[in-house]
Amino acid sequence: MVSELRQGQGRRVSGFGGFSGFSRFSANHKMVFTGGGIILCILILSCLAPIAGDPCSVNMDERLSPPSFKHPFGTDQLGRDMLSRVLHGGRVSLIVAITISLLSMVVGCFVGAVSGYFGGVVDDVIGRIVDVFMSIPEIVLNIAMVGVFCAVYGVSTFIVIFAVVFTNWVGYARLMRGMVLSLKEREFVLCAKAIGAGEWYILFRHIIPNAAGPLIVLATLNIGNVIMTIASLGFLGLGIQPPIPEWGQILNSGKNYITTAPWISFFPGLFIALSVLGFNILGEGLNAES
Amino acid sequence: MLKVENLVVRFKSRVGVVRAVDGVNFDVVSGERFVFVGESGSGKTVLAMALVRLLPNNATVTGRVIFDGVDLLKLSEKEMRKVRNCKIAYIPQNQASLNPLMKVGYQCAEPLVEQGLERGRIMRKVSELLEFFGIGHRFKDYPHKLSGGMRQRALLVMGLSREPEMIIADEPTKGLDAVKREQVVEAFQKLGRRTLMVITHDLPFAEKVADRIAVMYCGKIVEISPAREFFDCPLHPYSKGLLESLPERGMNPIKGFQPSLVNLPEGCRFRERCDLSTARCAEEPPLLEVDGSLVRCWLYADEMC
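First to last, the sequence lines map onto chains A and B.
Each number in this note's numbering corresponds to the 1-based position in the first sequence with 12 added.
Each number in this note's numbering corresponds to the 1-based position in the second sequence with 2 added.
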């Protein structure tokens, strides 16, 4: 009888402390791990891209050949290995997307924090600027900027980065402003003022670090969007230019052969979808967790 | 050391102008422990924050706050920061005053960093002080891992580390139980003879700490007495009421409620709750001097004559 009781208790205790605690959070954990896993796989594959060979070596004998052991993703109209092109494209796309997201975060954070913290005229001016940006469809502004700058300075990846950051920082600024508005009323800010700390010190040391959680979530979700934006620009021929392989641009180059050689467009499309999906799942998971 | 003359704090609100602090005069001499008591909403915290100019922008402060011969209300923001950093340490009332993302020790060291001291010395000094208040082992913990009493002491360390000439502690026993309160009392006793201004509505705590007590009601000081006299024989009817509302003194709360600060009654503000009020109370009583105490009540006007 006693031993039975003990057993019963033992089960319950372990169930309470271990399993139910785990299951309570596991849904979010699962999302974080799934999203993170997808991204990690794509990152590792991109890192291993050189093993797949040169993405630019032309071989006219093997043009438009379907997926095979030699070319798992097939070849394109110039006989270039699609596996190598897609993986090298991943490197470019991901690096550019992450750079854009981080740069926008820095800019948006700073502008939003200043706007929220100092308020008054500064806030009004920044608020109106943000409104103007919000009122123009992002992709239109991107296309216009890339068009203008490329015409003036010639084509380069930096222009693409600059153009996307130019429209992308707004979301961060809005989030940051809201966070700062609530954070600056917190007690520890008063305390920091009471020890004689300066405005900028309080802003950078006390307020911005406390806004980090939602910012990371936004950044993760934002990377997915940026990947799409870059791919869209690439597809329109305004993004990163050949011979550098980039997913959107490869997708575009395959559109003339979509009936005869669908693999040219299929694989970069798949990778775009997968990476956006990965970042979105990760972002949602982080959001639910925080 | 600190002399406050005719300090008035007004807040503009939708319902009208709130006079949270209305013509307050007092002085704190060097080495004294001056305690403000009064019920919630009597303007104690606003008064303290007005002294170090930490009120939000919608407050207008007039009067004079003379500290070491300088009028603090006339200083520039930059000079005022220096005063807050080196001379007057304001310790906020809430234990949420610690940044949740900074380790306690580093946070306590912040005022010293601001003073521009050398890093090694700062850390030594802070850990000594934390040790002194019995939380030395918490140097590298985040605030959420500390109990309320520990956090209160950490705030005290933060206030003390910069060796201020004066400490203004705002409700240091807020939300603490009897044991934690005792810890805070001990911590204050460890301070030695430092000029201290404490704001509290915890009368037993005030009794343990105070040299002199000021009672605030509706933004005005109604009595300033030496602590011993105050607890033995309070002068103002409101002070009597406060003391009688304590459990150990019969727990007879004062009837009625504090009037709204937006439309205060004419004359004595305590009139409507006072058992001893007379027709004369319709007129504002002056601050009268009675046996070394100051009291704002007509009851004592006749004794003078």
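Just so you know, the hints here were simulated from the structure itself, not pulled from any lab data.
Be aware that one or more of the hints could be misleading.
[Unchecked claim] Below 30 angstroms or equal to it, Euclidean Cα-Cα: the simulated DSS-like pairs (lysine-lysine) are:
1) Lys89/B - Lys196/A
2) Lys192/B - Lys84/B
3) Lys267/A - Lys84/B
4) Lys127/B - Lys84/B
5) Lys192/B - Lys196/A
6) Lys42/A - Lys176/B
7) Lys196/A - Lys80/B
8) Lys76/B - Lys196/A
9) Lys196/A - Lys176/B
[Stated by the list, open to error] Pulled from the structure, derived: some chain B residues nowhere near chain A, Cβ distances all over 12 angstroms:
10) Glu79
11) Pro102
12) Gln117
13) Met160
14) Ala180
15) Pro255
16) Val292
From the three backbone atoms N, C-alpha and C, an ideal C-beta is built for every residue, glycine too.
Against the structure, the hints:
1. Lys89/B - Lys196/A: Holds - the C-alpha atoms of Lys196/A and Lys89/B are around 25 angstroms apart, at most 30 angstroms.
2. Lys192/B - Lys84/B: OK: Lys192/B and Lys84/B at ~26 angstroms, within 30 angstroms.
3. Lys267/A - Lys84/B: violated, 68 angstroms
4. Lys127/B - Lys84/B: holds, 20 angstroms
5. Lys192/B - Lys196/A: Between Lys192/B and Lys196/A the Cα gap is close to 33 angstroms, so the pair fails against 30 angstroms, i.e. violated.
6. Lys42/A - Lys176/B: violated, 42 angstroms
7. Lys196/A - Lys80/B: holds, 20 angstroms
8. Lys76/B - Lys196/A: Given that 30 angstroms is the threshold and the Cα spacing comes to 25 angstroms, the pair holds.
9. Lys196/A - Lys176/B: It holds: about 22 angstroms lies between the C-alpha atoms, which stays within 30 angstroms.
10. Glu79: violated, 9 angstroms
11. Pro102: Contrary to the label, Pro102/B does not stay out of reach of chain A, its closest Cβ about 7 angstroms off (not over 12 angstroms).
12. Gln117: violated, 8 angstroms
13. Met160: Given a closest Cβ separation of 7 angstroms, the condition is violated.
14. Ala180: Holds, because the least Cβ-Cβ distance between Ala180/B and chain A comes to about 24 angstroms, which exceeds 12 angstroms.
15. Pro255: holds, 30 angstroms
16. Val292: holds, 36 angstroms
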